[in-house]
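Chemist: Chain by chain, the residues run as shown.
2 protein chains.
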Amino acid sequence: MADEVVLLDFWPSMFGLRVRIALAEKGVKYEFKEEDLRNKSPLLLQTNPIYKKIPVLIHNGKPVCESAIIVQYIDEVWKDKAPLLPSDPYERAQARFWVDFIDKKIYEASRKVWTTKGEEQEAGKKEFIETLKTLEGQLGDKPYFVGEKFGFVDLCFIPFYCWFYSYETFGKFSIEAECPKLIAWAKRCVQKETVSNALPDEKKVFGFVSELRKVFGVE
Amino acid sequence: MADEVVLLDFWPSMFGLRVRIALAEKGVKYEFKEEDLRNKSPLLLQTNPIYKKIPVLIHNGKPVCESAIIVQYIDEVWKDKAPLLPSDPYERAQARFWVDFIDKKIYEASRKVWTTKGEEQEAGKKEFIETLKTLEGQLGDKPYFVGEKFGFVDLCFIPFYCWFYSYETFGKFSIEAECPKLIAWAKRCVQKETVSNALPDEKKVFGFVSELRKVFGVE
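Chains as they are written, first to last, in my numbering: chain B, 1 to 219; chain S, 1 to 219.
Just so you know, these hints were derived from the structure itself, not from any lab.
Take these hints with a grain of salt, some might be off.
Since the list can't tell identical chains apart, any single copy or any two copies may satisfy a pair.
[Unchecked claim] Below are the BS3-like pairs computed for lysine-lysine, each with C-alpha atoms no more than 27 Å apart in a straight line:
(1) 52 with 105
(2) 133 with 33
(3) 181 with 126
(4) 172 with 81
(5) 52 with 112
(6) 149 with 79
(7) 62 with 133
(8) 62 with 142
(9) 104 with 52
(10) 117 with 62
(11) 112 with 53
Sequences and hints are given; from them, build the entire structure.
Modeler: As structure tokens, then:
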């Protein structure tokens with residue numbers, strides 16, 4: 001039986017992008033269903049009743065939620081091609097630790113850069129740069145975060161790269177000036193077709209973020 | 001070479017307890033190092049520089065942080081005995097989803113029950129009971145959360161059981177009245193020696209929580 005794979009997603013989502021890149025790495029064909037997040041589909045509400053959030057991967061009718069969990073699921077199901085998590089247990093734990101750090105710390109700080117103003121924004125920007133520097137410290141002089149190949153941590157963080165232009169423009173700072181090694185890493189990652197084909201244009205993301213700022217009353 | 005396993009921990013921690021139960025399930029001998037959280041050891045600061053939190057598992061000199069990640073690490077390293085995560089990728093994803101739910105939702109709500117007063121506490125209590133009911137809904141009439149055996153979700157939630165008496169006393173409610181199936185599940189879990197030997201007495205936890213409430217200025 002051929003696999004039936006459906007992805008409920010929303011085009012600029014860094015979490016949805018993780019799943020799109022993972023599926024591309026594995027060469028899995030799937031149906032992409034764009035969600036209108038102001039008018040969520042019955043399918044989204046039914047497949048993710050707890051959080052009602054994208055992305056949801058529906059594999060042969062069974063839903064998997066939460067992007068980092070979906071990526072691990074994809075890696076375990078389609079295990080013969082392009083392994084994403086390292087095989088060594090210690091490296092796997094390190095990879096999970098840094099993905100968790102991205103989700104808990106970097107994502108939360110990144111939001112403050114474009115959803116707030118004044119002092120709150122300055123504090124958010126400071127926090128965001130600090131968390132990026134921490135992540136860059138883990139990268140060091142290695143080509144990728146854990147191991148020698150593009151893997152779980154790279155895949156889970158590279159989607160943020162298409163948001164960098166928005167963070168920099170609204171936050172009035174340069175990520176490259178703060179974290180040059182992180183930008184060199186990102187440029188290395190987008191040389192991969194699975195990544196460059198997935199990431200939307202940074203100006204298109206900027207247009208989306210600008211609209212959202214109006215909705216949130218930041219502008 | 002024999003494994004050298006050290007656990008930096010603090011006795012009432014539900015996160016530390018997860019690791020203690022996992023090591024007991026696997027029959028791994030280890031050195032338990034109690035941390036004074038008001039005066040953290042240089043070893044803790046050095047092995048968990050990001051969060052500076054217990055538990056930290058140090059295996060042959062290499063530290064692993066974050067309890068759910070540590071438990072997965074233990075399951076992968078000592079894989080021949082007492083598997084904790086299911087072998088099926090879909091069940092593994094489900095197990096990870098519910099552990100993440102416990103960490104993100106239940107833990108946060110549980111804290112509000114004993115660290116706040118008045119309306120804030122009432123709201124926290126309502127939220128805590130709702131999240132418990134959601135978790136109980138996932139349990140349904142099964143003996144354990146995912147699969148037929150005591151596993152990852154059970155192990156990650158059962159440490160909360162020794163805090164139930166404190167939640168109930170400070171929140172003035174009965175978890176058994178709200179979630180009878182959850183209590184039946186907990187009683188099933190504590191029949192396991194690996195669990196009952198690990199969990200501290202609920203009255204001792206209550207004494208600790210009472211002291212902490214004074215420190216936090218709740219009482």
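Chemist: For each hint, tell me whether it holds in the structure or not.
Modeler: A quick look at each hint next to the structure:
When the C-alpha separation of residue 52 and residue 105 is checked against a cutoff of 27 Å, the pair qualifies both within a copy, at 22 Å, and between copies, at 14 Å. Taking the closest pair of Cα atoms, residue 133 and residue 33 never come within 27 Å of each other, the shortest separation being 35 Å inside a single copy and 31 Å across copies. Within a single copy, residue 181 and residue 126 get their C-alpha atoms as close as 18 Å, which meets the 27 Å cut-off; across copies the closest is 47 Å, which misses it. Proximity of residue 172 to residue 81 under the C-alpha cut-off of 27 Å is found in neither arrangement, the shortest distances being 41 Å within a copy and 54 Å between copies.
For the identical chains of this complex, residue 52 and residue 112 are neighbours both inside a copy (22 Å) and across copies (24 Å), given an alpha-carbon limit of 27 Å. Taking the shortest Cα distances, residue 149 and residue 79 sit within 27 Å of each other both inside one copy (16 Å) and across copies (25 Å). In this assembly of identical chains, the alpha carbons of residue 62 and residue 133 lie at most 27 Å apart only when taken from different copies (23 Å versus 39 Å within one copy). Proximity of residue 62 and residue 142 under a CA criterion of 27 Å is satisfied inter-copy only: 19 Å between copies versus 38 Å inside one chain copy.
For the identical chains of this complex, residue 104 and residue 52 are neighbours both inside a copy (19 Å) and across copies (15 Å), given an alpha-carbon limit of 27 Å. Proximity of residue 117 and residue 62 under a CA criterion of 27 Å is satisfied in neither setting, with 42 Å inside one chain copy and 42 Å between copies. In the homo-oligomer, the alpha carbons of residue 112 and residue 53 lie at most 27 Å apart both inside one protomer (20 Å) and across protomers (25 Å), since each shortest distance falls under that limit.
When the structure is compared with the earlier hints, violations turn up for hints 2, 4 and 10 and for no others.
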